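Which chain is which? The protein sequence lines are A and B, in order.
Sequential numbering of the first sequence, starting at 1, is according to my numbering.
Sequential numbering of the second sequence, starting at 90, is according to my numbering.
By construction, these hints were calculated from the structure, which means they are not laboratory data.
Source: prediction; values computed, not measured.
Be careful, since some hints might not be right.
Claimed, not checked - Partial list, computed: chain B residues near chain A (C-beta under 7 Å): (1) ALA136; (2) ALA137; (3) GLY150; (4) LEU153; (5) ALA193; (6) ILE209.
Beta carbons: idealized from backbone N, C-alpha and C, even for Gly.
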Amino acid sequence: MRIVAVCGMGIGTSVLLKMNIEKALDELGVDGVVDAADITAAKGVAQGADLVVTSEELLSQLESLPVDVVAVKNFMDLAEITDTLDEYV
Amino acid sequence: MTALNDALGDIAVAATPADWRAAITLAGDGLVRGGCTTHEYTEQMIAAIEELGPYIVIAPGFALAHSRPSEAVLATGLSWVQLASPVEFGSANDPVDLVVGLAAKDHDGHIAVMSQLAGILASPEHMESLKAADSEARVREIITSIENGTT
Chain A
1 MRIVAVCGMG IGTSVLLKMN IEKALDELGV DGVVDAADIT AAKGVAQGAD
51 LVVTSEELLS QLESLPVDVV AVKNFMDLAE ITDTLDEYV
Chain B
90 MTALNDALGD IAVAATPADW RAAITLAGDG LVRGGCTTHE YTEQMIAAIE
140 ELGPYIVIAP GFALAHSRPS EAVLATGLSW VQLASPVEFG SANDPVDLVV
190 GLAAKDHDGH IAVMSQLAGI LASPEHMESL KAADSEARVR EIITSIENGT
240 T
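In isolation and in its complexed conformation, chain A is listed as follows (with noise of 0.2 Å):
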């Protein structure tokens, strides 16, 4: 599956977030291609893809998107990366 996990910048925190994500990604056992994005980029780069996650700030900016978008609270909590994951893969 294909995911964006998206910032304000696309530098920072989004980079943590993707490689949490891609972490969570291998403990379920899922193949997937992360992407990280900023805000603005991100409804480009959303196109196609199977999920967005962003921070519970982002969220309502990214609802309006035709894909799945979903929020983390604590982006350095594998355990919640996975749980979340988990209802889309």
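Dock chain B against the given chain A, drawing on the hints supplied.
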């Protein structure tokens, strides 16, 4: 020395900022002292939070202060500000007692350092010992021992 220690320019411990703007400013000052950014970048980091909300508070007690690559970024690097008095950002992960400032010249040059940082942030034990560190030397010592796998 580790990649993370190399990238970490300025480290402050026991800081007492009045509010989140002051905390971000301390992280920005650290980036300036480390030769990573101009003061304009500090303004950009604060503006990003005003515009997009406190999404940079990505884990309990931890904020990753940053903005996008721009002319205000002179070199890729990090600063570290550990707070003696935690501040509120208006995030579900409040209160914040560790702010790491990040400046990146581009989208790829800092990935190895971010990977190391992610490894440390993911461990509550490592975070606890780093937040208890009372000097720059102690912070660096802990990071080195984590990277060497001796902690």
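Hints, one by one, checked against the model:
no.	hint	verdict
1	ALA136	violated, 11 Å
2	ALA137	holds, 6 Å
3	GLY150	violated, 10 Å
4	LEU153	holds, 5 Å
5	ALA193	holds, 5 Å
6	ILE209	violated, 9 Å
Consistency with the previously given hints fails for numbers 1, 3 and 6, ordered from lowest to highest.
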